[in-house]
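Colleague: Can you build the whole structure from these sequences, using the hints too?
Chains as they are written, first to last, in the numbering used here: chain F, 615 to 999; chain G, 615 to 999.
If you are wondering where the hints come from, they were derived from the structure by calculation, not from laboratory data. Possibly wrong hints are sitting among the right ones.
For chains that are exact copies, the list does not tell them apart, and a pair is met inside one copy or across any two.
[As the list claims (entries may be wrong)] Derived SDA-like pairs (lysine to any residue); straight-line CA-CA distance at most 25 angstroms: (1) K968 to G625; (2) K772 to Q782; (3) K966 to G813; (4) K772 to P819; (5) K966 to A775; (6) K985 to L915; (7) K985 to R765; (8) K966 to G822; (9) K921 to T951; (10) K966 to V743; (11) K966 to Y650; (12) K772 to P827; (13) K772 to R964; (14) K772 to V670; (15) K985 to E814; (16) K968 to L854; (17) K968 to A642; (18) K985 to E896.
There are 2 protein chains.
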Amino acid sequence: MMQTATDGLSGLRLGIAGGGQLGRMLLAPCQAWGLYTRVLDPDDDAPARNQCTEFVQGDFRQADTLTQFAQGCDVLTVEIEQVSAEGLERAEAAGVAVHPSAAVLRLFQDKGLQKQFYFDNDIPTAPFVLTDGLAGARAHAGRFPAVVKLRTLGYDGKGVAVVDTPAQLPPHFDAPLVIEDKVDIAHEIAIIVARSTSGEVRAFPPVGMTFDPQANLVDTLYAPVSLPAALLHRADDLALRAAERAGVVGLLAVEFFLTHDNQVLVNEAAPRPHNSGHHTIEACHTSQYMQHLRAITGQPLGDPSLKAAAVMVNILGAPQGAGPARLVVDEPAASMTGLFVHWYGKTHTRPKRKMGHFTVTAPTLAEARAKAEVARQCIRVEVVD
Amino acid sequence: MMQTATDGLSGLRLGIAGGGQLGRMLLAPCQAWGLYTRVLDPDDDAPARNQCTEFVQGDFRQADTLTQFAQGCDVLTVEIEQVSAEGLERAEAAGVAVHPSAAVLRLFQDKGLQKQFYFDNDIPTAPFVLTDGLAGARAHAGRFPAVVKLRTLGYDGKGVAVVDTPAQLPPHFDAPLVIEDKVDIAHEIAIIVARSTSGEVRAFPPVGMTFDPQANLVDTLYAPVSLPAALLHRADDLALRAAERAGVVGLLAVEFFLTHDNQVLVNEAAPRPHNSGHHTIEACHTSQYMQHLRAITGQPLGDPSLKAAAVMVNILGAPQGAGPARLVVDEPAASMTGLFVHWYGKTHTRPKRKMGHFTVTAPTLAEARAKAEVARQCIRVEVVD
Chain F
615 MMQTATDGLS
625 GLRLGIAGGG
635 QLGRMLLAPC
645 QAWGLYTRVL
655 DPDDDAPARN
665 QCTEFVQGDF
675 RQADTLTQFA
685 QGCDVLTVEI
695 EQVSAEGLER
705 AEAAGVAVHP
715 SAAVLRLFQD
725 KGLQKQFYFD
735 NDIPTAPFVL
745 TDGLAGARAH
755 AGRFPAVVKL
765 RTLGYDGKGV
775 AVVDTPAQLP
785 PHFDAPLVIE
795 DKVDIAHEIA
805 IIVARSTSGE
815 VRAFPPVGMT
825 FDPQANLVDT
835 LYAPVSLPAA
845 LLHRADDLAL
855 RAAERAGVVG
865 LLAVEFFLTH
875 DNQVLVNEAA
885 PRPHNSGHHT
895 IEACHTSQYM
905 QHLRAITGQP
915 LGDPSLKAAA
925 VMVNILGAPQ
935 GAGPARLVVD
945 EPAASMTGLF
955 VHWYGKTHTR
965 PKRKMGHFTV
975 TAPTLAEARA
985 KAEVARQCIR
995 VEVVD
Chain G
615 MMQTATDGLS
625 GLRLGIAGGG
635 QLGRMLLAPC
645 QAWGLYTRVL
655 DPDDDAPARN
665 QCTEFVQGDF
675 RQADTLTQFA
685 QGCDVLTVEI
695 EQVSAEGLER
705 AEAAGVAVHP
715 SAAVLRLFQD
725 KGLQKQFYFD
735 NDIPTAPFVL
745 TDGLAGARAH
755 AGRFPAVVKL
765 RTLGYDGKGV
775 AVVDTPAQLP
785 PHFDAPLVIE
795 DKVDIAHEIA
805 IIVARSTSGE
815 VRAFPPVGMT
825 FDPQANLVDT
835 LYAPVSLPAA
845 LLHRADDLAL
855 RAAERAGVVG
865 LLAVEFFLTH
875 DNQVLVNEAA
885 PRPHNSGHHT
895 IEACHTSQYM
905 QHLRAITGQP
915 LGDPSLKAAA
925 VMVNILGAPQ
935 GAGPARLVVD
945 EPAASMTGLF
955 VHWYGKTHTR
965 PKRKMGHFTV
975 TAPTLAEARA
985 KAEVARQCIR
995 VEVVD
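Modeller: What follows is the structure in structure tokens.
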């Protein structure tokens with residue numbers, strides 16, 4: 615009988631760069647397994663603050679801060695891409711097991727390098743050009759209308775502009791850019807794959823995404839996805855190829871565009887737990903958070919298959935109002951079977967801020983959708999007077 | 615549409631007396647709902663320490679300590695019976711919502727009062743007599759062989775002796791005692807019921823229990839239970855009656871003896887989350903911890919029904935050896951679908967100490983049992999050299 619690395623796992627010291635909701639939810643399986651957890655975040659009111667063994671207030675984008683934070687950790691991981699890759703490199707040099715690695719982070723935190731990586735590895739993606747600043751965009755005026763993305767530091771849609779001409783770009787786009795062709799999107803799906811320290815890989819079932827066009831944020835996510843198996847298998851293969859070619863250890867969440875002419879194009883990917891996997895907590899045999907933990911600690915990967923159909927809805931700050939926040943859940947949602955509310959513990963709301971999410975599970979997707987629509991009317995964020 | 619008390623729940627301050635594994639697991643739904651949590655425990659290495667917003671090191675059996683701890687809490691609850699009832703009374707007087715109440719705690723922390731309560735409320739229980747000390751036991755020598763229980767401070771079987779004569783009682787039984795007839799036990803089951811601040815009640819499905827005779831601890835628990843529906847309904851009715859007559863708010867975990875002649879006898883009960891409900895985390899639509907939280911915060915109760923068959927096994931410290939502990943999980947358990955390991959984060963093991971548990975879920979109980987037997991061979995506690 616194989617003795618696995620769980621031997622001693624209960625004493626393992628795990629560092630997590632970033633203390634947002636993804637870090638908070640990653641701490642749940644760490645608690646179940648009894649790990650020692652240390653979280654780094656600049657916000658002393660970070661959602662993960664009170665779920666970890668040790669909280670360190672500091673900026674994970676600063677190499678020195680991250681290097682110091684990593685001291686004494688056996689394993690270091692991230693819940694956000696925007697961490698100092700130099701800090702991760704120094705942690706690697708000091709003997710900490712860093713998953714994903716500094717090299718993987720460097721790749722995925724730059725959407726230009728990411729696009730080039732897809733191109734170099736025969737992973738279909740929307741046609742693109744890399745350029746620099748507003749002048750660079752004007753030099754490619756012939757590619758417009760286009761989707762323009764900041765190569766770095768874009769997050770939750772804030773670094774993406776869909777414009778008809780370069781002149782419509784906002785001033786903060788005077789920076790390194792990816793200019794992408796607008797593609798004819800029929801469906802958007804996401805697939806989260808896990809790859810462990812031993813090279814084992816497993817893919818979660820695809821999820822369908824619908825976006826809030828105003829906030830440019832994922833609004834609703836659902837599983838299973840009813841699309842031709844050939845298309846889904848193709849996406850699966852591409853997600854696994856991306857993880858293997860990039861050498862990801864941990865999760866890689868890959869978003870796809872499926873076009874009306876049946877192309878499967880990678881949109882973008884992130885080497886960490888992802889909003890598109892929240893439903894896995896209740897709907898899959900293994901959650902994305904547990905799977906990430908298994909992958910980075912050298913455990914065998916868990917079964918990612920669905921136990922039930924699921925719909926996940928982000929709970930966003932109301933369009934009007936910012937200030938101290940509270941969650942309101944009216945009936946019939948308050949007593950609804952199969953409804954799971956996750957509130958991230960952010961004390962302050964602002965318009966469209968991700969304050970929480972809810973997942974509805976049911977035997978069929980139609981049932982889950984119907985219940986989610988009812989729940990959506992009952993769950994909201996209010997500003998405390 | 616009814617506006618429920620979830621309004622403002624995300625800002626609610628919940629105090630929990632006791633920071634053991636039950637407190638630790640109770641904190642998971644508190645995190646999901648974003649509550650402010652404060653935990654009191656004498657052990658500065660308590661399992662719940664790092665999952666709460668604020669940890670207070672102190673003895674919940676001291677009235678002053680508990681009174682001070684409760685200041686500023688909106689709701690106070692317990693994860694252990696052995697808390698100062700006087701402290702709870704003072705918290706009630708100060709306007710804190712204490713669930714379960716001081717009166718309920720006083721009742722259930724004394725097995726003599728408990729037995730009398732069952733007798734007074736037509737709740738069948740094994741014939742008994744209350745007496746005091748070894749001399750008292752000798753005065754009832756005619757009732758032996760008997761089950762003798764310390765009226766107070768017994769826990770995890772340490773306050774129960776099954777003896778043939780009073781002379782066999784250990785010295786620490788020179789205290790207030792319950793002397794019970796040994797009954798002809800065919801099955802042991804437990805039913806956890808929830809009763810909310812509004813009086814709503816719901817019962818979890820019965821679970822079957824098998825005991826480790828050496829440790830006198832629940833060893834394996836399983837659901838569903840295949841016994842005649844009439845017997846199970848009777849137990850259900852008795853559990854609900856006990857909760858209502860006692861005025862419990864929160865959970866009441868009721869253990870039953872089912873005799874060969876089809877009597878349904880209450881053994882004992884605890885007004886808190888219970889070892890016999892661990893499996894509800896993965897196997898029921900609502901966990902016992904979420905149900906307790908709903909009950910004490912005035913939320914509608916959730917659906918307690920089973921989603922799958924389940925077997926729960928306590929992970930105990932090995933019979934030999936005490937010291938710094940680690941968990942070992944060998945294959946095939948490490949990658950088993952439907953196996954959920956919970957390690958409580960206790961840094962030190964000792965023989966038979968509850969260090970964690972695992973739950974196996976499966977479509978059928980036979981399948982869950984088979985997997986649990988495999989898992990049992992693969993999961994163990996070791997002393998770190």
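Colleague: If a hint holds in the structure, say so; if it doesn't, say that too.
Modeller: Tested hints:
When the C-alpha separation of K968 and G625 is checked against a cutoff of 25 angstroms, the pair qualifies only between copies, where the shortest distance is 17 angstroms, while the shortest distance within a copy is 33 angstroms. In this assembly of identical chains, K772 and Q782 lie within 25 angstroms of each other by CA distance solely inside one copy; the values are 15 angstroms within and 75 angstroms between copies. For the homomeric pair K966 and G813, neither the shortest alpha-carbon distance inside one copy (38 angstroms) nor that between copies (37 angstroms) is at most 25 angstroms. In the homo-oligomer, the alpha carbons of K772 and P819 never lie at most 25 angstroms apart, since the shortest distance is 28 angstroms inside one protomer and 48 angstroms across protomers.
Only within a single protomer do K966 and A775 lie at most 25 angstroms apart by alpha-carbon distance; the minimum there is 17 angstroms, versus 61 angstroms between protomers. Taking the shortest Cα distances, K985 and L915 sit within 25 angstroms of each other only across copies (18 angstroms), while inside one copy they are farther apart (32 angstroms). For the identical chains of this complex, K985 and R765 are neighbours neither inside a copy (39 angstroms) nor across copies (49 angstroms), given an alpha-carbon limit of 25 angstroms. For the homomeric pair K966 and G822, the shortest alpha-carbon distance inside one copy (21 angstroms) is at most 25 angstroms, but the shortest distance between copies (48 angstroms) is not.
Proximity of K921 to T951 under the C-alpha cut-off of 25 angstroms is found in both arrangements, the shortest distances being 15 angstroms within a copy and 11 angstroms between copies. Proximity of K966 to V743 under the C-alpha cut-off of 25 angstroms is found in neither arrangement, the shortest distances being 31 angstroms within a copy and 65 angstroms between copies. Taking the closest pair of Cα atoms, K966 and Y650 come within 25 angstroms of each other only across two copies (23 angstroms); inside a single copy the shortest separation is 33 angstroms, beyond that limit. Proximity of K772 and P827 under a CA criterion of 25 angstroms is satisfied intra-copy only: 12 angstroms inside one chain copy versus 62 angstroms between copies.
For the identical chains of this complex, K772 and R964 are intra-copy neighbours only, at 15 angstroms inside a copy versus 54 angstroms across copies, given an alpha-carbon limit of 25 angstroms. Proximity of K772 and V670 under a CA criterion of 25 angstroms is satisfied in neither setting, with 27 angstroms inside one chain copy and 41 angstroms between copies. Only between protomers do K985 and E814 lie at most 25 angstroms apart by alpha-carbon distance; the minimum there is 23 angstroms, versus 36 angstroms within a single protomer. Taking the closest pair of Cα atoms, K968 and L854 never come within 25 angstroms of each other, the shortest separation being 29 angstroms inside a single copy and 41 angstroms across copies.
For a Cα distance limit of 25 angstroms, the shortest separation of K968 from A642 qualifies both inside one copy, at 19 angstroms, and across copies, at 20 angstroms. Proximity of K985 and E896 under a CA criterion of 25 angstroms is satisfied in both settings, with 15 angstroms inside one chain copy and 21 angstroms between copies.
The structure does not agree with the numbered hints 3, 4, 7, 10, 14, 16 stated previously, though it agrees with the rest.
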